[in-house]
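> Sequence:
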Amino acid sequence: MKYVITVLLSFSLFGCSLSVPQPPIAKQTKDLFDADSDGVINQRDRCADTPIDAVVDNDGCPTFVKNSEENNIHVLFANDSSEIPESYMENISNMSEFLAKYPKTHIELKGYASPVGNAAYNVGLSKRRAAAIQQALITEGVAPSRIKTIGFGDSDPVKASDAEESNTLSRRVVAQVVGSQGNVVKEWTIYTVREN
Numbered sequence: 003m004k005y006v007i008t009v010l011l012s013f014s015l016f017g018c019s020l021s022v023p024q025p026p027i028a029k030q031t032k033d034l035f036d037a038d039s040d041g042v043i044n045q046r047d048r049c050a051d052t053p054i055d056a057v058v059d060n061d062g063c064p065t066f067v068k069n070s071e072e073n074n075i076h077v078l079f080a081n082d083s084s085e086i087p088e089s090y091m092e093n094i095s096n097m098s099e100f101l102a103k104y105p106k107t108h109i110e111l112k113g114y115a116s117p118v119g120n121a122a123y124n125v126g127l128s129k130r131r132a133a134a135i136q137q138a139l140i141t142e143g144v145a146p147s148r149i150k151t152i153g154f155g156d157s158d159p160v161k162a163s164d165a166e167e168s169n170t171l172s173r174r175v176v177a178q179v180v181g182s183q184g185n186v187v188k189e190w191t192i193y194t195v196r197e198n
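Every position in the sequence shown, counted from 1, becomes a number in the working numbering once 2 is added.
Among the clues, some could well be false.
To be verified - When the alpha-carbon atoms are kept at most 25 Å apart in a straight line, the in silico BS3-like pairs for lysine-lysine are as follows:
# : residue 1 : residue 2
1 : K129      : K150
2 : K150      : K106
3 : K129      : K161
4 : K188      : K129
5 : K188      : K106
Said to hold, decoys possible - Pair ranges (Cβ atoms, derived):
#  : residue 1 : residue 2 : range
6  : P87       : D51       : 23 to 31 Å
7  : K188      : E72       : 20 to 28 Å
8  : T65       : K32       : 24 to 32 Å
9  : T8        : I43       : 53 to 61 Å
10 : I54       : F154      : 43 to 51 Å
11 : K188      : M91       : 32 to 40 Å
12 : T141      : D164      : 33 to 41 Å
13 : D164      : E88       : 23 to 31 Å
14 : V160      : M91       : 35 to 43 Å
15 : S89       : D55       : 42 to 50 Å
16 : D164      : V187      : 47 to 55 Å
17 : Q178      : C63       : 24 to 32 Å
What the hints contain is simulated information worked out from the structure, not anything from laboratory work. Idealized CB from N, CA, C, for every residue including glycine.
With these hints in hand, go ahead and build the complete structure from the sequences.
Encoded structure:
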């Protein structure tokens with residue numbers, strides 16, 4: 003009798019078990035690795051070479067802070083001359099160092115002339131002045147592709163108290179810095195050193 007009860011209990015236990023279907027296991031097709039360790043997986047990372055410890059956005063691109071440092075050139079020339087006065091060479095050297103410090107920065111040299119003489123001649127003179135500054139920067143190591151020159155002739159004279167001063171200040175080349183990326187914002191860690 004014990005044997006019959008044991009067999010009946012066994013059948014009743016097997017009869018109550020349910021077979022629950024298992025959900026299918028999804029195949030991993032996306033790249034979940036983070037090659038540049040910025041916290042954004044490769045599949046979503048739009049900036050593959052993020053600097054270490056940079057603050058990143060949802061696309062894995064670093065956050066930049068615009069650098070407030072800027073540098074300009076203002077060179078005055080003698081009448082009917084495109085020769086750079088020696089007193090401005092330090093200014094040009096400083097600009098070349100600035101451009102070396104910011105390799106993605108470009109410079110635009112604008113040449114001008116005083117309204118004395120023929121307008122067409124003054125355009126050529128202003129171009130020669132800008133080209134002289136360009137050549138000085140190239141000699142200092144700046145790539146020619148980073149320098150643009152424009153000659154405006156006598157189209158924008160400087161207004162001063164008298165004509166002679168106005169003409170002197172109008173014989174110039176000015177430089178305007180074009181495009182600068184800035185610095186990457188670093189993430190704070192327990193090892194971060196605060197700068198004062």
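> Does the Cβ-Cβ separation between K188 and E72 fall within 20 to 28 Å?
holds (23 Å)
> At the C-beta level, are T141 and D164 separated by a distance inside 33 to 41 Å?
The hinted range 33 to 41 Å holds for T141 and D164, with Cβ atoms some 36 Å apart.
> Between K188 and M91, is the Cβ distance one that fits in 32 to 40 Å?
holds (37 Å)
> Has the hinted range 47 to 55 Å been met by the Cβ atoms of D164 and V187?
The hint (47 to 55 Å, Cβ to Cβ) holds, given that D164 and V187 are roughly 51 Å apart.
> Is the Cα-Cα distance between K150 and K106 25 Å or less?
holds (14 Å)
> Is the gap between the beta carbons of S89 and D55 within 42 to 50 Å?
Since S89 and D55 have Cβ atoms about 44 Å apart, the given range 42 to 50 Å holds.
> Does the hinted range 24 to 32 Å hold for T65 and K32 at CB?
holds (25 Å)
> Is 23 to 31 Å right for how far apart the beta carbons of D164 and E88 are?
About 27 Å separates the Cβ atoms of D164 and E88, which means 23 to 31 Å holds.
> Using the beta carbons of Q178 and C63, state whether their distance is inside 24 to 32 Å or not.
Holds: the Cβ-Cβ distance is about 28 Å, inside 24 to 32 Å.
> Can you let me know if the beta-carbon spacing of P87 and D51 is within 23 to 31 Å?
Violated, at about 44 Å.
> Can the suggested window of 43 to 51 Å be confirmed for the beta-carbon pair I54 and F154?
Taking Cβ atoms as reference, I54 and F154 lie about 46 Å apart, which means the hint holds.
> For the pair supplied as a hint, K188 and K129, confirm whether the alpha-carbon distance does not exceed 25 Å.
violated (43 Å)
Hints 4, 6 and 14 from the list above are not met by this structure, while the remaining hints are.
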